[in-house]
Amino acid sequence: MSEQTTAVKEATAKKTVRFEIQRQDTPDSNPYWESFEIDYRPNMNVISALMEIRRNPVNAEGKKTTPVNWDMNCLEEVCGACSMVINGRPRQSCTALVDQLTQPIRLEPMRTFPVVRDLVVDREFMFDSLKRVKAWIPIDGTYDLGEGPRMPERKRQWAYELSKCMTCGVCLEACPNVNDKTNFIGPALISQVRLFNSHPTGAMNRDERLETIMADGGIGECGNSQNCVVACPKGIPLTTSIAAMNRATTVQMFKNFFGSDHMVD
Amino acid sequence: MSRESDFYLRRLHSLLGIIPVGLFVTQHLVVNHFATRGEEAFNNASNFMGNLPFVLFLEWFIIYIPLMFHAFYGVYIAFTAKNNVQRYGTFRNWMFLLQRVTGVFLVIFIAWHLYETRIQKALGTEVDFDMMANILDNPFMLVFYILGVLSATFHLANGLWSFCVTWGIAQSPRSQTIVSYITIIAFLALSVIGVQAIFAFV
Numbered sequence: 001m002s003e004q005t006t007a008v009k010e011a012t013a014k015k016t017v018r019f020e021i022q023r024q025d026t027p028d029s030n031p032y033w034e035s036f037e038i039d040y041r042p043n044m045n046v047i048s049a050l051m052e053i054r055r056n057p058v059n060a061e062g063k064k065t066t067p068v069n070w071d072m073n074c075l076e077e078v079c080g081a082c083s084m085v086i087n088g089r090p091r092q093s094c095t096a097l098v099d100q101l102t103q104p105i106r107l108e109p110m111r112t113f114p115v116v117r118d119l120v121v122d123r124e125f126m127f128d129s130l131k132r133v134k135a136w137i138p139i140d141g142t143y144d145l146g147e148g149p150r151m152p153e154r155k156r157q158w159a160y161e162l163s164k165c166m167t168c169g170v171c172l173e174a175c176p177n178v179n180d181k182t183n184f185i186g187p188a189l190i191s192q193v194r195l196f197n198s199h200p201t202g203a204m205n206r207d208e209r210l211e212t213i214m215a216d217g218g219i220g221e222c223g224n225s226q227n228c229v230v231a232c233p234k235g236i237p238l239t240t241s242i243a244a245m246n247r248a249t250t251v252q253m254f255k256n257f258f259g260s261d262h263m264v265d
Numbered sequence: 001m002s003r004e005s006d007f008y009l010r011r012l013h014s015l016l017g018i019i020p021v022g023l024f025v026t027q028h029l030v031v032n033h034f035a036t037r038g039e040e041a042f043n044n045a046s047n048f049m050g051n052l053p054f055v056l057f058l059e060w061f062i063i064y065i066p067l068m069f070h071a072f073y074g075v076y077i078a079f080t081a082k083n084n085v086q087r088y089g090t091f092r093n094w095m096f097l098l099q100r101v102t103g104v105f106l107v108i109f110i111a112w113h114l115y116e117t118r119i120q121k122a123l124g125t126e127v128d129f130d131m132m133a134n135i136l137d138n139p140f141m142l143v144f145y146i147l148g149v150l151s152a153t154f155h156l157a158n159g160l161w162s163f164c165v166t167w168g169i170a171q172s173p174r175s176q177t178i179v180s181y182i183t184i185i186a187f188l189a190l191s192v193i194g195v196q197a198i199f200a201f202v
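Those protein sequence lines, which keep their order, are chains A and B.
Numbering of the first sequence is given in this note's numbering, commencing with residue 1 and proceeding in unit increments.
Numbering of the second sequence is given in this note's numbering, commencing with residue 1 and proceeding in unit increments.
It is possible that some hints are incorrect.
Derived SDA-like pairs: lysine to any residue, alpha-carbon spacing no greater than 20 Å straight-line [as the list claims (entries may be wrong)]: (1) A:164 x A:37; (2) A:181 x B:4; (3) B:82 x A:216; (4) A:234 x A:88; (5) A:234 x B:172; (6) A:181 x B:82; (7) A:131 x A:113.
If you want the footprint, here are the derived chain B segments under chain A, 3+ residues with CB under 8 Å [said to hold, decoys possible]: (8) 5-17; (9) 79-87; (10) 167-180.
Since the hints were made in silico from the structure, they are not lab data.
Note that the structure is predicted; figures quoted are calculated from it, not measured.
Glycine residues also receive a C-beta, built at the ideal position from the N, C-alpha and C atoms.
This is chain A alone, in the form it adopts within the complex (with noise of 0.2 Å):
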């Protein structure tokens, strides 16, 4: 037994895993390259290869350096706080597992948002755009309003979908209109707009909704390359959404021109 374990050992014990990792000081600094080999352990992920390196802050050079800062939080897809572009693809870290990325593993910061420090971004913009789209329900009155409509069981299932979005920022980094250049606020938030919609009570807001990203970088800005699809890490179908908000912003645009009696509903 111990001496299986001790063959096992040695035979993991001269695996190393190693890592090429874009660094930054500071939000306004130049970023550098930094590489670093870490001792493999069987079903290792990004993440827990960046806790090594933080345990013991050392590049492959052997010298010493500061701990590469990274952001996470819930360690199981559902937060979205450790997106970062590995191998050149945005996803989360924590689902990144070692064995499956080809090596030297490339971990970068996604640049399409500001960069705080080495993996570090502020995701600000993702979630003043979703305050800007009105993402949420307005339940409160200064009387109690009561219940509001029923939702149809299959269309909640349906509906679920897209509510798996974490405004993780991934499809804005694939989107190539999302940029510097332009306003856009991203395939996600247009999604969130339709989920809202499509709630029973979410939809007598439906047309504030609209306007909303009828304006200054709202669904104009999209050029159809239909990256975030094939980059959303929850399956969540961006394209259909964008389309069916293209169609719904159409009719609400002839509605603004000729007028309907229909403007809410």
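Go by the hints and put chain B onto chain A.
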């Protein structure tokens, strides 16, 4: 420039690309095809088109004004994208890039094509079969014109697809795929018509 109007400008850009610009391009390629029936057939068709009643009004309102808006706003759209086909080499991402590349190329091609034909006509040169045959006699120009026609047919066909998506006509992935196939057929058909006409002058 107020960017609040971007939504409406984008929709206008999408609409004008099909009506009237796309319809005009189709009509233009079809009329060019008379060249395959010989010099006289082409000259008759060309004279008919060039001598339509209210031709200046038609030219300005069906071609120049919509085309200029589509071209100049399109260049703005093309240069605000940060292309990433290296990262996502999907069919649609390539189409996205090619739509922008062909669009910018078409601005150059159409400007040159207008200078060589319409502006020369205004300066008193006869636009006929011989004029085109002379232009296409130059192998460089022949390649330039073939690229121009293929860019135009591609940009129109792919633009038809994105028109269907942008206006919310094709919503489901299945309908978008079917529209893709239809537009590929449109691209091939228009390309054959256009290139056949070019070779009729050679």
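Hint check results:
1. A:164 x A:37: Given that 20 Å is the threshold and the Cα spacing comes to 35 Å, the pair is violated.
2. A:181 x B:4: It holds: about 15 Å lies between the C-alpha atoms, which stays within 20 Å.
3. B:82 x A:216: With Cα atoms ~19 Å apart, residue 82 of chain B and residue 216 of chain A stay inside 20 Å; holds.
4. A:234 x A:88: 19 Å, holds
5. A:234 x B:172: Since the Cα atoms of residue 234 of chain A and residue 172 of chain B sit roughly 18 Å apart, the hinted pair holds (cutoff 20 Å).
6. A:181 x B:82: 9 Å, holds
7. A:131 x A:113: 18 Å, holds
8. 5-17: holds (count 6)
9. 79-87: Three-residue rule met by the segment 79-87 of chain B, so holds; n is 8.
10. 167-180: holds (count 8)
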